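As given, the protein sequences belong to chains A and B, one line each in that order. The first sequence begins at 1 in the numbering used here and counts up by one. The second sequence begins at 1001 in the numbering used here and counts up by one.
These are computed hints drawn from the structure, not numbers from a lab. The reader is advised that the hints may include incorrect statements.
[Said to hold, decoys possible] Computed list of lysine to aspartate or glutamate pairs in EDC-like fashion (alpha-carbon distance at most 20 Å, straight line):
#, chain 1, residue 1, chain 2, residue 2
1, B, 1115, A, 26
2, B, 1121, A, 42
3, B, 1115, A, 32
4, B, 1121, A, 32
5, A, 36, A, 26
6, B, 1121, A, 18
7, B, 1115, A, 42
Being a predicted model, the structure only gives us computed values, none of them experimental.
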Amino acid sequence: MKAWTLAVALLLGGCALEPVEPWQRENLARPEMRWKAGLVQESAMRAHVYSSKEAGGGSAAHSASGCGCN
Amino acid sequence: MLMRSVCLMFCLAIAPAFALAPGARAPEIAGQLMDGGKTLKLSGLRGKVVYLDFWASWCPPCRVVLPDLAKMHDELAPRGFVVLGVNLDQNTGQALRLMQKAGVKYPNLHGLNEKMLSAWKMSAMPAAYIIDRRGIVRAVHEGFRPSEFAAMRAQVERILGDKKK
């Protein structure tokens, strides 16, 4: 029982160690590490997905013949 | 035994939460100046009121405060005040450009080791410590909002007005 309690205490105690210090956050602070891309990148990605899915109708920017080749 | 284990877990869990409190002696800090090869120690500034600012170019509020700190340093230096920056960038190029743009003339250290940084127990950036003439931490500010600067400056001027010991 004692050994179990000590083992659990040490295991759980380990969770509190080694936090990321403020001066170690340089890479985390980079723009590409954001949860969400900016508005421009987001809309470009949406347009790309739309164009790929709607290949038969051409992209969002222009009408096309439906062959998906232009 | 169970009670002791629970206490141990509690102590380990809250250990990183204690920041360096006002009233504590300022830990030693020493590093190379960014604009030259010279080494500067915090203890070498004893007798002056020091505003110690831990900052980095990738931290937006750290960039915002630079021009205000440069102005405060220039205006209060004749009264025995100095801003001491500690830059935490991996590469100093961007930081040096920001310093030039903000008109920073106060000393900035770079390349401090983990042990020295850990002693300050900061939890956010920018982290600023106002240290009196005797080397005692009198105030701690973590993070920065422009609206807070006037109060911070008033605090510095109050500490500058303390009798020299």
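Given the proposed pairing of residue 1115(B) with residue 26(A), does the C-alpha separation stay at or below 20 Å?
-> holds, 18 Å
Would the pair residue 1121(B) and residue 32(A) pass a check requiring their Cα atoms to be no farther apart than 20 Å?
-> Roughly 28 Å separates the two Cα atoms, so the pair is violated.
Given the hint that residue 1115(B) pairs with residue 42(A), does the C-alpha gap stay at or below 20 Å?
-> Measuring from Cα to Cα gives roughly 42 Å; hence the hint is violated.
Holds or violated: are the alpha carbons of residue 1115(B) and residue 32(A) at most 20 Å from each other?
-> violated, 30 Å
Keeping to a limit of 20 Å between CA atoms, is the pair of residue 36(A) and residue 26(A) held or broken?
-> holds, 18 Å
For the pair we were handed, residue 1121(B) and residue 42(A), check the Cα-Cα distance against 20 Å.
-> Answer violated: residue 1121(B) to residue 42(A) is near 38 Å, above 20 Å.
Restraint status (C-alpha distance of residue 1121(B) to residue 18(A) at most 20 Å) | holds, 13 Å
When the structure is compared with the earlier hints, violations turn up for hints 2, 3, 4, 7 and for no others.
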